[in-house]
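Please take these sequences and the hints and turn them into a complete structure.
There are 2 protein chains.
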Amino acid sequence: MTDPHQAMLDKICAHARETAILESAQQLLEWDERTYLPPEAGEYRAEQVAYLAGLIHQRHTDPRLGDWLAELAESPLAADPHSEAGCTIRQMRREYEKKTKLPESLVKELTRLSVRGQQVWVLARKNNDFAAFAPILTQTVSLKRQEADALGYEDCRYDALLDFYEPDEKTATIRRVLAALRDDLAPLVQAIADSGRTAPVSILERIYPVAAQEALGKEAAARIGFEFPRGRLDVTHHPFCTSLGPHDTRITTRYDERFFPSGFFSILHEAGHGVYDQGLPSEQFGLPPGRYVSLGIHESQSRMWENMVGRSRVFWEFLFPAAKQAFPDALDGVPLDQFYFAVNDVRPSLIRVEADEATYNLHIIIRFELEQDLLDDNLSVSDLPGAWSDKYRQYLGIEPPHDADGVLQDVHWSAGLMGYFPTYSLGNLYAAQLFRQADADLGGLEKKFARGEFLLLREWLRDKIHAHGQRYAAGELVERITGKPLDHKPLTDYLRDKLTPLYELA
Amino acid sequence: MTDPHQAMLDKICAHARETAILESAQQLLEWDERTYLPPEAGEYRAEQVAYLAGLIHQRHTDPRLGDWLAELAESPLAADPHSEAGCTIRQMRREYEKKTKLPESLVKELTRLSVRGQQVWVLARKNNDFAAFAPILTQTVSLKRQEADALGYEDCRYDALLDFYEPDEKTATIRRVLAALRDDLAPLVQAIADSGRTAPVSILERIYPVAAQEALGKEAAARIGFEFPRGRLDVTHHPFCTSLGPHDTRITTRYDERFFPSGFFSILHEAGHGVYDQGLPSEQFGLPPGRYVSLGIHESQSRMWENMVGRSRVFWEFLFPAAKQAFPDALDGVPLDQFYFAVNDVRPSLIRVEADEATYNLHIIIRFELEQDLLDDNLSVSDLPGAWSDKYRQYLGIEPPHDADGVLQDVHWSAGLMGYFPTYSLGNLYAAQLFRQADADLGGLEKKFARGEFLLLREWLRDKIHAHGQRYAAGELVERITGKPLDHKPLTDYLRDKLTPLYELA
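Chains as they are written, first to last, in the numbering used here: chain A, 1315 to 1820; chain B, 1315 to 1820.
Keep in mind that a hint or two might mislead.
Put simply, identical chains are the same to the list, so a pair is met inside one copy or across any two.
[Claimed, not checked] Here are the simulated EDC-like cross-link-like pairs (lysine to aspartate or glutamate), alpha carbons at most 20 Å apart as the crow flies:
#1 LYS1413 - ASP1381
#2 LYS1413 - GLU1332
#3 LYS1803 - ASP1498
#4 LYS1812 - ASP1498
#5 LYS1413 - GLU1337
#6 LYS1532 - GLU1354
Quick caveat, the hints were computed from the structure, so don't treat them as lab data.
As structure tokens, then:
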């Protein structure tokens, strides 16, 4: 006789797997839109995506699902929250409640405003016209407040929004850790600016033929453990990673023939995301034990491979001979140390997506502070450009000459994404904290990396992180692995250790 | 006040457009499977396709749809069968009735057998083992008989199956026309074999770099009117064309560096299909006035561009200079006439998909005759290989040395596709009949083609064929355009006129 609770759980899982099929079809539509869609096919593609999104939403909010989950949450199957069943029930219930708490009218209004907002933003940025964007941002802030209120929160509105991207994380924690990070980084960045040393970046601005970039990038991705038989690499405008099935993880990049890091480090970054997706339990695809924990943990994987591994001296000890073969003209006579310094160019700049790994977090902290102020009504939209400039001056020592390279540079707010930015820095923080632990657990990684042995780190990550899906919340997972809660020290230590000799700091 | 019938029709059309979104998502999954899918992603892709197929089938057989269509069929909106509304109601009702006549158990059994059949066939062909395939073919024939009986027919079972691919066409008509074609072609092919002349095909077996093939193929496709802003060209194993939206038509090819025609004529062929799809009324996408008429008409478009245009002397008068630039080594010193003869190599061969435009139809006629005999129980599966050899000897003067290159060469029967083969020859017949009419209507095409003016033929086809979607049945459409019913004479005249001088026949 089958346990009736188990039968109910089986039914829910079958339902979720069907939903995942629709979601993966929608993701293929989106991947294709960003890689191969013919120019005139965009309008119908939007209709296809919207229709599938509607079907998916219906399935996610099916009231039968709510009833079953409510009953299962009280059953013995839910007793151990870290078991496969416990994780499934907890996370599906959490998702169901989140989706059903929001009135349909608000969901529709948010969607409409996000589409419209992005259109207006594109033009406003192009025309350097913050005033044209301000009304829609005001509306967005107002709707995001309503959304937070409908979802509910204990401490602050920001918690409710953050929860979409970093479940179970608290704004107060992030505020504390990022403030400490800021206090360490701002003087470090200042010291680098004052050092008078500049990285020889012109090495990277020679001609790097695209075909050779692709070949080297694929080799590097495969070396760190991205499995090409279960994935692909394609070209796009804004690199991303998506998984269209348990064995179908697709990464993308863009190549700049005159700037080597653009393509190469995008590939490493996205391959890092891809290695995470490929490490999730494939038989649980579409179910919580087969899903990624949080955006912060996802970003920790991409950042670790991109920066802690890919910008390390030992990585290039291994790969530089291959790079010299791939680019015999550009790298003719270039010493490894010069190349290594060039890919670790650190200096304050205006654009987040072009920032180096040290200053990047200051860009995030600025946005994180500003969006909290907007939501809490401590800052009006009309005062935002001024506040933006003040913080850039304060934390980075520079100021945008105009809003297009300032407050208008990111798509996020126009698309209704508030509470998203801190996950980028969480990624850097988690990456450093986890990397330090991996290095200790694996008896020192440097020598191994210098020999091209990267897979042992991938196996460690699979074992400690990927294999667990959503069984543990992000913070819980990291504490379980490292024995410590989220902490800014490993990241500042890592950056100081690397940058002090490069910039000859005291 | 809205007419209640019109309101009902609007509802049906909205329903059909939603179904078309799911169908186009399924087609993207299939396009991707045949172009870019990672090797290990096939299993989940099959699940995705099967799940969407189920949703689509549910929508097609929704009983509400049947009720509405039955009522509309009696309404004034259906009075003119060639009007937009009349066509929509007639064709949707036809589709609904076809889909609901089949018991679900039979549909599932056919699907199951088709999947299994293809798996068994792949192995049987590889091992040259007809006996391994025979039991599944026997089952398939039996189920196809049940399917025909469930659908109903007046004259013969084959009519019921043919109707899937060539709606409203009759087996008796095809039998008569193909018999006349066979009687003309067999002696023509024999005369060519006896002529002692052979085309200088070795010209085409030199090295043709793939990148240059792609560039020339794209140029040719664009010249004949395939719109790349609304389409793409990609690489696959078995070339095909698919439309994923009203402005998203994708063609595919495969390149053989050592055989120029393989890639080039596949591109022209698929571009011909693509030009048809791109010419269908885009605002009617997913509705009968926006859908292709029949496989025969679709194939007539691809064959016309591939053969009547693409293998004509005037086409190469125009394109040969570009080809010489693209392949300076391979075509060094090659005269146009030699190249023209080489791409019109005609000789009996064993494999249908490699056959030239004259012998191709004999391959089809053999399959058409044999599958009728199987369905009518005039031929047992165990006697099929012998019957195959007899007909090849009789019509083409050659015999397969083994079944792998004989009766096991095509996937169709293993996939349950019976009644499909004649649409290939219908394509050739319609192409010749329509091309003759276009030539007359447009005052002679040769001089224009020699100058690279192909778009006037495309416009003629759009006006006469593409713009009508399914408003007229295939036979009706051709008779309306040419003033005559389906006839074998234009095709035999075309082939005789072209091949007589090339092979110096009497």
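Here's how the hints hold up against the structure:
no.: 1; hint: LYS1413 - ASP1381; verdict: within (14 Å within a copy, 36 Å between copies)
no.: 2; hint: LYS1413 - GLU1332; verdict: within (18 Å within a copy, 24 Å between copies)
no.: 3; hint: LYS1803 - ASP1498; verdict: within (9 Å within a copy, 87 Å between copies)
no.: 4; hint: LYS1812 - ASP1498; verdict: within (15 Å within a copy, 83 Å between copies)
no.: 5; hint: LYS1413 - GLU1337; verdict: within (16 Å within a copy, 28 Å between copies)
no.: 6; hint: LYS1532 - GLU1354; verdict: between (31 Å within a copy, 18 Å between copies)
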